[in-house]
Amino acid sequence: MRYHYNILHKNYELKLLETLRGRKIKEESEIEKQFPTLIKLMENLEKLPEEIRKNVRFFGGGLINHNFFFIHLTKFKVQPLDYQVEKRINESLLELIKTKFIKFEGLKREMVKSALRVQGSG
92 MRYHYNILHK
102 NYELKLLETL
112 RGRKIKEESE
122 IEKQFPTLIK
132 LMENLEKLPE
142 EIRKNVRFFG
152 GGLINHNFFF
162 IHLTKFKVQP
172 LDYQVEKRIN
182 ESLLELIKTK
192 FIKFEGLKRE
202 MVKSALRVQG
212 SG
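Here our numbering = 1-based position in the sequence shown + 91.
Any given hint might turn out to be false.
To be verified - Pair by pair, the computed Cβ-Cβ distance ranges are:
| hint | residue 1 | residue 2 | range |
| --- | --- | --- | --- |
| 1 | Lys-189 | Lys-117 | 46 to 56 Å |
| 2 | Ile-116 | Lys-191 | 26 to 36 Å |
| 3 | Lys-138 | Glu-201 | 18 to 28 Å |
| 4 | Glu-196 | Glu-119 | 46 to 56 Å |
| 5 | Ser-183 | Lys-117 | 13 to 23 Å |
| 6 | Ile-130 | Glu-182 | 28 to 38 Å |
| 7 | Glu-182 | Leu-108 | 43 to 53 Å |
| 8 | Arg-112 | Asn-158 | 12 to 22 Å |
Hints listed in this document are in silico derivations from the structure and should not be mistaken for laboratory results.
Cβ coordinates follow ideal geometry from the N, Cα and C atoms, glycine included.
Using the sequences and the hints, build the whole thing.
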């Protein structure tokens with residue numbers, strides 16, 4: 092967990108700052124002043140210069156994902172999330188899943204395959 096936080100998370104932060112600030116890494120950029128929070132920055136990707144948009148999306152998205160992960164990191168006190176998941180899904184959504192993937196396990200397999208095709212650090 093230390094590696095995940097101290098290395099991967101920190102790297103996303105540093106690379107995002109490098110992308111936004113260029114060589115003036117210690118100075119706040121005009122983009123940061125315009126979009127002072129990570130959420131505002133990510134909500135306004137289309138307003139950023141095209142040459143930095145992809146890296147802002149990747150490093151900013153990585154930061155958001157890791158922040159979400161660390162905030163919600165707890166040991167399970169009850170059954171894991173997928174325990175009887177079919178009983179907790181909206182019926183119409185469950186029917187759609189069964190139509191397209193036969194059953195919930197098929198959806199999970201497809202999600203894993205899709206996730207493995209996405210650029211990431213880990």
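Here is how each hint holds up against the structure:
1. Under the hint 46 to 56 Å, the C-beta atoms of Lys-189 and Lys-117, about 55 Å apart, fit the expected range.
2. Checked against the given bound of 26 to 36 Å, the beta carbons of Ile-116 and Lys-191, roughly 47 Å apart, lie outside it.
3. Remark: the range hint 18 to 28 Å for Lys-138 to Glu-201 is contradicted by a beta-carbon distance near 33 Å.
4. Between Glu-196 and Glu-119, the C-beta spacing of about 48 Å keeps the proposed range 46 to 56 Å intact.
5. Taking 13 to 23 Å as the suggested C-beta distance range, the pair Ser-183 and Lys-117 does not conform, at roughly 53 Å.
6. Take Ile-130 and Glu-182: their Cβ atoms lie about 33 Å apart, and the range 28 to 38 Å holds.
7. Distance hint check for Glu-182 and Leu-108: the Cβ-Cβ separation is about 46 Å, which falls inside the suggested range of 43 to 53 Å.
8. A C-beta distance of roughly 20 Å is found between Arg-112 and Asn-158, which places it inside the suggested range of 12 to 22 Å.
The structure is inconsistent with the numbered hints 2, 3 and 5, although it conforms to all the rest.
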